[in-house]
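Student: With the sequences and hints as input, model every part of the structure.
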Amino acid sequence: MAHVICLQEHWLFNFEQNLLGKSIQGINYKIRSVDDNNPISPIQKPRGYGGTAVVWSNKIDHIVDDTIEDGSERIVCIKIDTAPTPIIVVSTYMPCRGSRKTDDEFSECLDMLYEITRKYHSDHIIVLCGDWNCDLTGKRTTRQCKLLQFLSECGYLKHPTSHTFINSNGQECSIHRLHIPAGSSQKHLFKDNQIRPHC
4 MAHVICLQEH WLFNFEQNLL GKSIQGINYK IRSVDDNNPI SPIQKPRGYG
54 GTAVVWSNKI DHIVDDTIED GSERIVCIKI DTAPTPIIVV STYMPCRGSR
104 KTDDEFSECL DMLYEITRKY HSDHIIVLCG DWNCDLTGKR TTRQCKLLQF
154 LSECGYLKHP TSHTFINSNG QECSIHRLHI PAGSSQKHLF KDNQIRPHC
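Here this note's numbering is used: the first residue of the sequence shown is 4, the next is one more, and so on.
Simulated from the structure, these hints should not be mistaken for laboratory data.
Values in this document were obtained by computation on a predicted structure and should not be read as measured data.
There could be a bad hint or two in this list.
Pair ranges (Cβ atoms, derived) [unchecked claim]:
#1 Phe18 x Thr140: 35 to 45 Å
#2 Asp84 x Ile46: 34 to 44 Å
#3 Gly29 x Lys142: 38 to 48 Å
#4 Lys48 x Glu156: 37 to 47 Å
#5 Ser125 x Ser44: 35 to 45 Å
#6 His124 x Gly51: 26 to 36 Å
#7 Gly29 x Arg121: 33 to 43 Å
#8 Asp126 x Gln47: 42 to 52 Å
#9 Glu12 x Lys104: 12 to 22 Å
Backbone N, C-alpha and C define an ideal beta-carbon position, used for all residues, glycine too.
Tutor: Shown next as structure tokens:
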């Protein structure tokens, strides 16, 4: 069983966040919803969308610090106090494609991820998990170039998977990936500490 799981698109609004803990026994979590800055009333609830969370087994509560405030409605972070190097787990749900507004929001999220990386890279291992809403294998787009530039500048490795989402029209696809800073010891991260992020 995984000790840490990153979730994207949980579809829970701010007033529903406690449902995550009621649905799964033996866990704790840090969650962000699309309406955290402007909560939606339960009587005006639309169809759910968006949201991101990091969920962990309560067996590792003693080493999890969920007080890190970095992030947004699309980015949530926790710290796992492992020795000799602590781990920052970042769960990210990037904006979908479609409009100029979402492209701007995509760039803002990358800027925030860059700041998180800059803040913690010198004395932490950073694990980025997420739904990037971007296909890095197809024809180059502005979005792809921005994401690849971010990954390259910050020294992240790309661990490719096959397409994890293909739109019903067959034209759009996305890849969920796990990114680990180049040079970090994967043995240390995944075996010695029994921390296996599943994204």
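Student: Hint by hint, where does the structure go against what was stated? Just the numbers, ascending.
Tutor: none
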